[in-house]
Amino acid sequence: MSIVTEQFVSLSKSTARSRGYPDLPMVVVPHPFETLPPERIRTIADEKLEDIIQQIRKPHTEPLPPQS
Amino acid sequence: MTVDRIPVRDTYDDILEAAYARGWTDGLPIVPPTENRVNRMMSAVPLPPDHVVAVLPPRWSDATVEKLAINAVMAGCLPEYFPIIVEAIEACADPRYELYGLNTTTNPVAPMLVLNGPVRQRLGINCSWGVLGPGNRANATIGRAVSLIMSNIAGRIPGEVCKATYKIPGAFSMCVGEFEERNPWEPLHVEAGLAKEQSAVTVAAPSGTFNIMDMESKTPEDLLFTMAASLIGLGSNNIFPFYGLAEMIIMLCPNHAEFLAKSYTKRRMQEELVRLARVPRSLCTPNKLRMMQSAGTDQIEGESIRVAARPEQFRIFVAGGLGGLHTCFFPTYGDSLMVTRPIRFLPASS
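Line order of the protein sequences matches chains A and B. Quick note on the numbering used here: the first sequence kicks off at 1 and runs consecutively. Quick note on the numbering used here: the second sequence kicks off at 1 and runs consecutively.
Among the hints, erroneous ones may be present.
[Claimed, not checked] Simulated crosslink set (EDC-like; lysine to aspartate or glutamate; CA at most 20 Å straight-line): (1) K266(B) <-> E191(B); (2) K13(A) <-> E160(B); (3) K288(B) <-> E301(B); (4) K288(B) <-> E34(A); (5) K288(B) <-> D335(B); (6) K266(B) <-> E181(B); (7) K288(B) <-> E39(A); (8) K163(B) <-> E6(A); (9) K163(B) <-> E34(A).
[Unchecked claim] FRET-style restraints, in silico, Cβ to Cβ: (10) I56(A) <-> E197(B): 53 to 59 Å; (11) P65(A) <-> T165(B): 32 to 38 Å; (12) T35(A) <-> T11(B): 49 to 55 Å.
Derived from the structure by calculation, the hints contain no laboratory data. Glycine residues also receive a C-beta, built at the ideal position from the N, C-alpha and C atoms.
Chain B extracted, bound-state conformation (with noise of 0.2 Å):
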C-alpha cells in the first residue's frame, strides 16, 4: 500500500474509534478500510493503486485509485460499485463542475450523482419510490462514498474551509437512477451524446429539492405553467446577478413525465420554462434589479426577469415512484454545470 498503515487493537470499536479521533467518519460509524478490503475495492478497475484519478480542491489532492478505494470500503460500497466512485470522482473535478466553490461555498450545496443505463439494473440501483431516501445500499453507499472523498481528500472541513452556512442533509449521500423505462424523451447519458447502452454517471450540484405537488391539471400546458410558477423565488440563487449559467434541475415523476409528453418534446418544454419562469419586475427590490442590470444579465426581458435565458439551463430527467404526482425541483447554487462521463470499468455484461 502506498498510504500509512495505522495498527490499531482488532476490534470493531477500537478501528471506529481510531477512524473518528482521525476525523476520518461523516459522524456515522464507517466499514474498517482494513488492507484486504481496500485491494479487493481497487481490484474492480484496472488502474494501478498510485494512480491519479483526479486532483480535488479546495486541498488539491491527489485523489489515487488507492484513496478513493479507501474511502468507497468506509462508507460500505461493494467493489462492484468501484468503477462508478472512479468515474463520479473524475466528473467532479471537470473544470464546468466548479469543485472549489461547491466545496468552500456559503451555499447549501453538495454533489448529486445521476445513473443511467444498464448499471441500474445490474447493480440494483434505485430509481423509484423513495429515491433520494434510505433503504438502498447501491444508492446509500455510493453516494456516501462520495461525500466521504470530498471531506477526507478534497478536504472540505465546515468551518476551516468549507463555509457552508447550513449544508443540506443530502451531503451525507445522494445518488440516483434514473427511471430510463419511464422517460418519454432521451436520458441525461443519451442528451450528452452517449450511447443510450452505455452505462454512465452525472454528477450534479443541487441546493435542496422543493417538491411541486399538483394533483388538478387537466391538460400538460397547465402543468407546465405551474411547474414554471414553482421556480420562481426571488431569493433563488438564479435570481443574482452573478449567476447567470445556473442550472435548474427538474426531476420529473413518471405520471407527470407521461402526462408531459402528450404536448412536449424535452426541448420544447426547456423553451417554455424560459417563457414561462419569470418575476414580474415590480416583485423586485430596486437595488438587485439595478445589480442585475449593471452585471449586464440577459435574463431582464421587457417587464419581467427570467429565471433562465437559455433553454439548456433547465436540466430535466425522469426518477420517483410511480402512483404519486410530485415533481422535485433542485434549484442549484450557482455557476457549476452537471457533467456526465461513461463508467468505463464495467463487466461487458453491464
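Isolated chain A (complex conformation) (with noise of 0.2 Å):
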C-alpha cells in the first residue's frame, strides 16, 4: 500500500496502473506535509492510522501485465 498527499494522487494511480497494479491500497494525507508542525503530523497520523491497518490487511495481489 502507498500513502500519498493529495496532490500526489494522480501520479501514484497513473504509476501504479503503470506498473501492474491498478488497484494498490492508498491512504490519502494532506498536503502540503513539510510546512506542518510536528503535533499536526501526529494528529494526521493518529487519524489515518485504523485506514492503514485495513489498506495493508487487503489480500496481496498479483501485478498486471504493465499498461502504458
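Put the complex together from the two separate chains, hints included.
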C-alpha cells in the first residue's frame, strides 16, 4: 500500500497502473506535509492509522501486465 | 507501420489541428509525421521499427524506433540526426539518470544533451556563440525531439503526472555541443572512457542556468574562488538533506577555461571546488542543519557545509562564444547523474 499526499494522487494512481497494480491500496494525507508542525502530523497519523491498517490487511494481488 | 494511421485531410492546417487535438505538440507547430517522412527517419539506423530502444517512465511505455522517429519528424529533425536521438533516449533510460524522478518531480528540470566528437562538425552542431539559444537547426530540433518523446512516449503530462511547479524554458529544447577545440583538458566523452574521435552524447538534468560573470580576476585562483562562491545558495538542491549525490554542472566559456588551465588540471579544479564551495553553518537555518545531520550527510565539515563532498560531483565542460567572460552554472535537481553513450549508428566518416 502507499501513503500519498492529496496533490500526488493522480501521479500515484498513474504509476501504480503503469506498474501493474491498478488497485493499489492508498491512504491520502493532506498536502503540503513538510511545513506542518509535528503535533499536527501526529494527529494526522492517529486519524489515518486505522485506515492504513485496513489497507495493509487487504489480500496481496499479483501485478497485471504493465499498461502504458 | 506498427502504430495507428490517422487519416486526415491533406492540408497542413488540418494535420496540424489534428496533432494539437491529440496533444502531440509542445504548443508549437510540428512537421506532419507522414509515413514517408517517418520511414526516411527510421532508415538512418539499422534497427527494425518495432525495436524497443528503451522503456520510459512515468508511463513505462515502449520507446520503439518507429515512435522515436515520429517524434523526431514532428520536431523538425533531419534523418541524419536520428542516431543521436536513439542513443540519447537509451541514455535517458539508464537507471543512473533517474528518469522517473526527472519527469515527475516538483523541481524545475529537463533533459539536456551534450554532444562530443566528430558528429559536431558533420551535423553542424553549435558549440559556440548562443549555444543555449535559438538559431541552429540541429541543436534546436534534436533537443526538441527529446522533449516531445518525454511528453508523447514517457507521458510527461503537466499536472497529471509531471508535478513540476514551473518547469524550465529549456524543457522545449536543450542540446549543446562541447567546444572541444577550446577545451584545455579532456572533453566529457573522454572522461567517460571513450576515444576522442568517437562521437558521443551525454544526457544531463539541469534545473536552469546561472550566469557567472568574472572580468575582474587577475589570477586563475581568484576566478575559481568566484566560481565556487557562485555555487552557494541556501535554497540550492545541493544543500538539502537527501540529495547528497547531486552533480553541479559547470559549462565554462572558452576564455575562462583557457585562463583556469594556467593553474589547474580538471581534477585539481574539482578538488578545489569541494574545498571552496561551502556555506558557513551560521548562515544555515537550525532545522535544515538538524535534518542534514540526521540524514548523515558527509557535506558538513567543521563550521561549514560543502555543496558537494566529492570532486566528481562537479561536472565541467567547455562551450560558448569567444570574447565573453561568462561561465554557465547549471544546478541540478537531485540524484540524476549524467550518462554518456557512444553514438553507434553514424556513417563511418562521422
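Which hint numbers doesn't this structure obey?
Nothing - there is no hint that the structure violates, so all of them hold.
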